[in-house]
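Chemist: With these hints in hand, go ahead and build the complete structure from the sequences.
These protein sequence lines are chains A and B, in that order.
Quick note on numbering: our numbering labels position 113 of the first sequence as 113, and the sequence is numbered without any gaps.
One gets our numbering by counting positions in the second sequence from 1 and adding 1000 to each.
No lab work stands behind these hints, which were simulated from the structure alone.
Check before you lean on any hint, since a few could be wrong.
Coverage of chain A stretches by chain B, computed from C-beta distances (three or more under 8 Å per stretch; other residues unrestricted) [to be verified]: (1) 20 to 32; (2) 42 to 51; (3) 56 to 69.
Short derived list, chain B residues pointing at chain A, Cβ under 10 Å [unchecked claim]: (4) 1123; (5) 1135; (6) 1144; (7) 1145; (8) 1148; (9) 1155; (10) 1157; (11) 1158; (12) 1159; (13) 1193; (14) 1197; (15) 1201; (16) 1250.
Facing chain A, a subset of chain B residues (Cβ under 8 Å, in silico) [to be verified]: (17) 1119; (18) 1124; (19) 1127; (20) 1137; (21) 1138; (22) 1139; (23) 1152; (24) 1198; (25) 1243; (26) 1247.
A virtual CB, placed ideally from N, CA and C, is assigned to each residue, including glycine.
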Amino acid sequence: MSADPTGARDEGFDDFVDAVAEGEGYYLECDSGHGSVPPRRVCPDCGGSDLTETPLPDAGELRTYTVTHVATPSFSEDTPYVTAIASFGPVRITGQLREADPEELERGMPVELTTARSATTDRRLLAFDPR
Amino acid sequence: MTEVRIAGVGVTEFGNAPERTGRDLFGDASDDAFADAGVSRSDVESLRYGNFMGELAERQGHQGPLMAEAAGVRAPATRYESACASSSAALRSAVRDVRNGEEDVVLVGGAERMTNLGTAGATEALAIAADELWEVRQGVTFPGAYALMAQAYFDEYGGDRDDLAHVAVKNHEHAIGNELAHYQDPISVDDVLEAPPVSEPLGLYDSCPISDGASALVLVSEAYAEANDVDAPVAVTGSGQGGDDMALQDREYLARTPATNSAAKEAYEDAGIGPGDVDFVEVHDCFTIAEVLALESMGFYETGEGIGAARRGETTAEGDLPVNLSGGLKAKGHPVGATGTAQVAEITKLLRGDHVNSDAVADGTVGLAHNAGGTVASCLVHVVEEVVA
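Modeler: Written out as structure tokens, the structure is:
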């Protein structure tokens, strides 16, 4: 089943998730060293158009998190689940923290980026594991 | 540059009306606005209409001309969509065109149907204001996104759920006696803290309700008001709009809303005022934390200082800067497309003296309306002032 309800495949995003699934996540780096996540035509910081795929650091750091109890129908059987934003070098990524006790979550916690599947739809999503 | 006057306002009751259509709701709001304005429908030169989820809730697109019909107006009509800030985007376009002399009489408003979708359906519909690829697919809901901001705020600047609970308690208190409000009953801090969690740290009473409703404003140029002897003692004197990265993850600071800073700065400059000149504010408190972030970004508090404002009593009806005297989105309700122009309608009544809370701002002449879309990737701020005769 396509992850996109419309059946579309976004080259920038879906290539990124494929790469993460292979353990080869990357970010886009411009000539000035700014980082961003795809899809980008230009660097959002400086407008530079020469963007290079640069390997993501293996270790990320939890920046913020929430335990969601009221979900959309697409995640109704996943509740409660933890959504978080973690920083990996110059970029930040949103994903679900799958194997962590909500009581032990804290900012700065080391995580790594992986993929997982929704218990409700079996669609692929970005996920973090504690490191 | 001509001054933009608010000749009339109309707002339906916000609440549960799943059996009513959007056109029925907007028809009511515009009826009230025309009656309040004493302006002929035939003088209206355009309708600017805000709506967010009409395709999902009503299977109805192209709502501009539909709502012109509902309002009994034969004029060009356009729908504006900017998530929860849709009708403020419509208002800004109208303010600009009246000012530059393009039009003299404009009907502005918005409506939303939500309760017919149920909680899960409305949660899904609201989530489309977030980035589908990077956020929604990872399970980010609308409350979830604000919860991420709230947790980041706690970790960065301090404050806790108890501080946020005071925001909810205050706004419920303000809604008592506001017959248009979804909730008109007081709640306690314990009620908020003990409510079921939605997306931690936010619970049910940190969140605005899912509401149906509509609002409308009749705007006229100063010249039209004078020529037609229209009583329009309130003016929109400033308009500002700001933008930000769509997804929260792309922002440098997770507990700040720079789109509000930009919108407020532009609106203040446009009106020739500063935050110190503002007597009271209606802010976009879709969640309790949102009120805190808005007050900081609009210059009323330093970053990290706003979270204690309600607890300290500074933003209550009796405080130095009453915030959300209407009850805010939290208690008045948040039919998203109707919210922006409803805020301006409430401010107009507060200034004119015909609002249940007008006594709280009896000497006030300057109100501010803050309306945000998504996690404040869109923001509009309008300055609304009593005209000195």
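Chemist: Sort out which numbered hints this structure fails and list those numbers smallest first.
Modeler: Hints 1, 2, 10, 11, 12, 13 and 25 are the ones this structure does not satisfy, whereas the remaining hints hold.
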